[in-house]
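Each position in the sequence shown, counted from 1, maps to that position plus 93 in the working numbering.
Since the hints were made in silico from the structure, they are not lab data. Heads up, a few of these hints could be off.
[What the hints assert, rightly or not] Simulated restraints, written as ranges between beta carbons of each label pair:
(1) N252 to E153: 23 to 29 angstroms
(2) D136 to A210: 26 to 32 angstroms
(3) K191 to A125: 25 to 31 angstroms
(4) K247 to K191: 23 to 29 angstroms
(5) N252 to G228: 17 to 23 angstroms
(6) N252 to K182: 39 to 45 angstroms
(7) N219 to E176: 16 to 22 angstroms
[To be verified] Simulated crosslink set (EDC-like; lysine to aspartate or glutamate; CA at most 20 angstroms straight-line):
(8) K186 to D136
(9) K225 to E153
(10) K121 to D205
(11) K186 to E140
We put the beta carbon where it would ideally sit given N, CA and C, even for glycine.
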Amino acid sequence: MSFTIRRGLKEDMQSVHNLIMELAIFEKEPDAVEITVDDLIKDGFSEKPRFKIFVAEENETIIGIALFYERYSTWKGKTIHLEDLIVTKKRQKIGAGKALYTAVLNYAYENDFNRVAWEVIDWNTNAIEFYKSTGATYLNDWSVVQMNKGNLAKFIENN
């Protein structure tokens with residue numbers, strides 16, 4: 094391995110943000126990212142962090158991330174949500190993605206979580222096949238539902 098996996102630090106957040114932007118471009122939504130580097134620092138490194146993060150580092154450069162947080166399932170109990178697993182396009186296929194994925198799964202296993210869950214865009218067949226090959230279950234009969242901040246405000250104002 095030419096890279097190492099470690100917990101992310103405040104000073105990594107500019108690189109993390111760069112990777113988030115790269116993912117947004119890959120997913121054909123380059124203008125959808127609203128979060129800033131300052132948001133990442135505040136939300137990930139405050140007294141009550143909103144997320145945990147592993148980074149893949151090669152030659153003092155962050156080449157990948159796995160950002161996740163804890164949640165609770167009424168059916169399964171303690172659960173981790175893997176929000177994003179990103180490896181920069183120029184460093185894919187060197188094993189960094191699998192190493193980051195393994196770090197999150199290892200964290201879940203060692204901390205007695207009952208499930209790890211995440212979403213994958215339906216046209217990313219490489220990712221879907223990778224996840225299936227690791228024993229993950231692909232739930233193609235479930236749909237993601239979201240409400241953005243603007244619609245949330247409209248709903249609250251009208252109800």
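Evaluation of the provided hints:
At about 51 angstroms, the CB distance of N252 to E153 disagrees with the hint of 23 to 29 angstroms. In this structure the supplied range 26 to 32 angstroms is violated for D136 paired with A210, their Cβ-Cβ distance being about 20 angstroms. For the pair K191 and A125, the supplied restraint of 25 to 31 angstroms holds, since their beta-carbon distance comes to about 27 angstroms. In this structure, K247 and K191 break the distance hint of 23 to 29 angstroms, their C-beta atoms being roughly 42 angstroms apart.
The given range of 17 to 23 angstroms is broken by N252 and G228, whose C-beta atoms sit roughly 42 angstroms from each other. Against the hinted window of 39 to 45 angstroms, the Cβ-Cβ separation of N252 and K182 comes to about 44 angstroms, which satisfies the hint. The given range of 16 to 22 angstroms is respected by N219 and E176, whose C-beta atoms sit roughly 19 angstroms from each other. As the CA atoms of K186 and D136 are separated by approximately 30 angstroms, the hinted pair breaks the 20 angstroms bound.
For the suggested pair K225 and E153, the alpha carbons sit about 32 angstroms apart, so the restraint of at most 20 angstroms is broken. Pair hint K121 plus D205 does not hold up; C-alpha atoms about 36 angstroms apart against a cutoff of 20 angstroms. With a CA separation close to 36 angstroms, the supplied pair K186 and E140 exceeds the 20 angstroms bound.
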